[in-house]
Amino acid sequence: MQLSINWLKSYMDLSDITPAILRDKLTSAGLEVERIEQGSPATGLTIGLVLTCNPHPDSDHLKCTTVDVGSTVLSIVCGAPNVAAGQKVIVAMDGAVLPQIVIKKSVIRGQQSEGMICSLSEIGVDASMQSEAQLAGIEVLSKDAPIGGDPLAFLGLDDTILEISLTPNRSDCYAMWPLAKEIGAILDRPVTLPDCEGAADIGGPTSLKVASEAKGCPTFLGKVIGSVTLKPSPDWIVKALHSYGVKSINNVVDISNLVMLETGQPTHFYDKDKIPLRQITVKDNIAADYTALDGNTYSCTPGDLMITTGDKLIGFAGIMGGDDSKILDTTTGIIIEVASFDRVHIRRTSRRLGLQTEAAVHYQRVMEPLTPYKAMDRCVALLLQYADAKEIEATAIYGIKPSGELKLLTDEKFHNKLLGTNFSLEEITDVFRRLDFKPVVKGSQVELTIPSYRSDISIQPDLSEEIIRLLGFENITSTLPVLVSKEGGLSLDQKKREKIKDVLTGYGLQEVINYSLVNRSFINHPTWELGEAVELANPLSEERRYYRTSVLPSLISTALYQLDHYQDEFALFEIGDVYYEPMEKQERLSIILSSNVDLSLWQKAALQNDFYRIKGMVAGVLSELGFGQNRVFFKENIEQSEYFHPGQSAAIYLDKTFLGVCGMLHPKLEIVKQAGALGAAELDLSAIFSAKASAIRYQPIPRYPGIQRDLALLIPQSQSAGALINAIYKTGGKLVEKAEVFDLYTGKGVPDGQKSLAIRISYQSYEKTLVEAEIDVLTNTIIERLQRDFQAQIRS
Amino acid sequence: MQDWQAFKQQWETACDSIAERSDLEKLKVELLGKKGAIAGLMGQMRDLEPQERAAFGKEVNGLKDYFTNKIETISQALENKQLQASLAEGSLDISMPYTRIPRGRLHPVSIVRRQLEEVFISMGYQVVEGPEVELDLYNFERAGIPADHPARDMQDTFFVDVQRLLRTHTTAIQTRVLEAQSNNLPIKVVCPGKDYRRDDDDATHSHQFSQMEGLVVGEGITMGDLKGTLELLAKRMFGESRTIRLRPSYFQFTEPSAEADVSCFACGGKGCSLCKGSGWIEILGSGMVHPNVLEMAGIDSSKYSGFAFGAGLERIAMLKYGIEDIRNLFANDLRFLAHFNRFE
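So the sequences go chain by chain: A and B. Terminal number for the first sequence in this note's numbering: 796, no gaps in between. Terminal number for the second sequence in this note's numbering: 344, no gaps in between.
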């Protein structure tokens, strides 16, 4: 909302208040002032009368003038084509500061020039506010301009505009009158608004019939003014409109615009001769093409509120009138329309048409139900005073006039309890007086009458807000809540998530956060298949149409971004939700690792991010959460996704629950073509979180020496070392402390289809010293099992 | 008669010429070994008269002790020399680059979230999360924003269908908490999470962002409690000398509502480019929970009151670290992320 200080001054005394003070007071009362703008920043201007104007002896376009500026007569060389003797003009005196230049006495082609005669552009008036004639030359002031006077004051350019950002509950302040009342309350000073209540009550019997066949129009007022005289508006109206960037057209059109600025209520004036039927009906079931006031043709569809007379369309309700009934220079009488329209209808239609007119913007706000009546009163009063309104007919009314005011009882106790303050009944009563809530003290309580324009006030806390914003938040003493103690902190799942983050950053991984909304290609290829993606009904773009169903595709694109920016070493993880229909949610962890990470260039040391490293990370994370190798299983990745190398990836299980996939990315992927072999993983954290980990139990350090046995085996390629190790544990029982692979070899010396595996078994007893013979027997049992179940051959 | 002096002199010379450990071992055998020179002298004892033996033995033992010590000293000297040589040989150019220990880091938004969580956990708040694909009911209706309310315009929403949408604010978590804990008061929670609004991405807008909201409901909760809590928050996040200022504002969820500004941590309140000359920086919205919101959750608003506040995590990260463009926080450029690398 723009606030003209000059306009505001016509309602209240502001002589002791600078714009900066006003800004601070409004902002701290909830009307945030975002900017202060001066009409024209120029200084050193005066009004002059051109006494003589002769051609410059040495130029074919310059003129030499003498200008009376009251105190003296100046010689000024002027280049404007329209300068002439007898004109009242704007003179920039020696030393004047204009937006573009500082004026100094000078000699122009041999002729003395003691100032400058200015155009509006030169003093800083925006081109959009000027006519073509004004843009083409110097500004010629009207005859009554006082010589030696201030041209900015004369033109209304000495104004200061405050740009106020209003909260949605105070949409009443989008109009001058309620805004002035609000400022009066904030500053605690009287506000005098024009009194025109009941002005529309005059008029003889009317032939006009107004009605609505649509739900979205609760009130429609129409009034015939049989005769008006079109002429220029009085100066104050021109200036008022000007301060809001509205160009003056003629008195009648200007009044319509002025009333909207004053009351916030859009009005529409029709040429009465264009509506001979004297019947106006609002409908919402029409489909047709229609040419509006701006000369463009728009399509209306059922649902749009349309103004009609008989079979004829005469306007998009609340948005724009029609071209064929607008006020022209030939107009001799008018029909006034003042109506309320449903904001949702107006928003829908104006958005579809791309027509955000001033009226449409006003209608999209919450409006006070009584505004149409107030606006009609004001229109009639102004038309009587400035447009010689005659042949006035009574107002035709559709809808029931709402009763305006709400009564509320309150006391200081409620507010002090909510705010934590110590205000007296007198103090809060004074706030309500300032707000014009007409407080009447009744014993220990006060009765308030809430004006209809304050539709935001209905319950006690609304009043608390009024009290604290006018008396100031500094009256609140800071305390901390005193409550029954309850345990706070993170939930167990949240603690596990934070633990995982710490473990991964400890492994050297960088956390990233990607957008959750993705395009179709991400959805077509999930890390594993779970169901349909959640799709937006109103996406901003195809790029962001679906909520992601896996996190890995996002991480791959993050990795591609790094490659594009010449960073070929990365180790990234992301934790985020995935969704799939119907309303299923999983929290996921995804990891991606570049093929290696340099540790020391000169030592040629690097981390090799091969399959076994990503496997190690996954095992490490699970182990940190209490799931050791006896519960975590890496199995063949049978659910072949787009992402993983079929022979270098594993499906991960915790007991029998599927947790996700890890391994090397598929060689066909673009990222692998660019960056080489990459390790990656995606895990279902929700499943991990819901699994129960075993508690830590201390076991004494063994007091007896252990025994080791190494086995060198040949087994078929198809047999897995993991299964073989498990078989050793199972067969060996609790004496097998550890069984691990210490060599894997294929190639020369090993038959085709076989692999050579070296395994070290560590035997340990916690009860006695092991006897070699006993271990030999046990080892043989293990070997027999391996020979039987794994077709293992012992190498010698 | 044995010439003790000559014997000692001869072996003394031999000892002094030793330079290598192998020579020393050889000399040790020749002199002190079973068949060495000293043993030879001992052998001569048999041929002596008994009364001469004691004096002779004393001389021989004296020489044995002397040379045993001498050889041990030489041995240590040689060892020391060898050690010095190997240390000299093993000296490194310690100015050469170290082996990099890969370091991982949290995303700056996670860092800010953790810091805020820690502040509130220390005051006994629970941390509660909720779904991002949310029901209209919890995101709007229960937050006091019915279908045709203008406040919905402020929050352009991504809809999935008639009932479901992407959460536009973490207030949706609060309305769930209110419902779930209406019979288990007081409530003292912070609710962090991602939100989505139908905004075009630019330097200051993002269709995805994160918030953390706080909610306290109990008997006798006042706006003073809110102010005190926000003051503490401002000090922990932006420095102990910070103060806050409340300004009236409007949120559907709260009444009265207030915007909280923190005194500018760049200029201390004198006015600078960060605070646009005002000395204050807007950090969050807050207010007293609207009685209708309590009632909708089944909480008696005549008995209980509460406060709520909500801060944008990206905004706080941007203010704290001087990040100009919110899109940096989602581009995940490693050169950008590498900045957020140390204890604060």
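Among the hints, erroneous ones may be present.
Computed, partial: chain A to chain B, Cβ under 7 Å [said to hold, decoys possible]: (1) Ile108; (2) Leu418; (3) Glu511; (4) Ala537.
By construction, these hints were calculated from the structure, which means they are not laboratory data. For every residue, glycine included, the Cβ atom is placed at its ideal position computed from N, Cα and C.
Against the structure, the hints come out as follows:
| no. | hint | verdict |
| --- | --- | --- |
| 1 | Ile108 | violated, 41 Å |
| 2 | Leu418 | holds, 6 Å |
| 3 | Glu511 | holds, 4 Å |
| 4 | Ala537 | holds, 5 Å |
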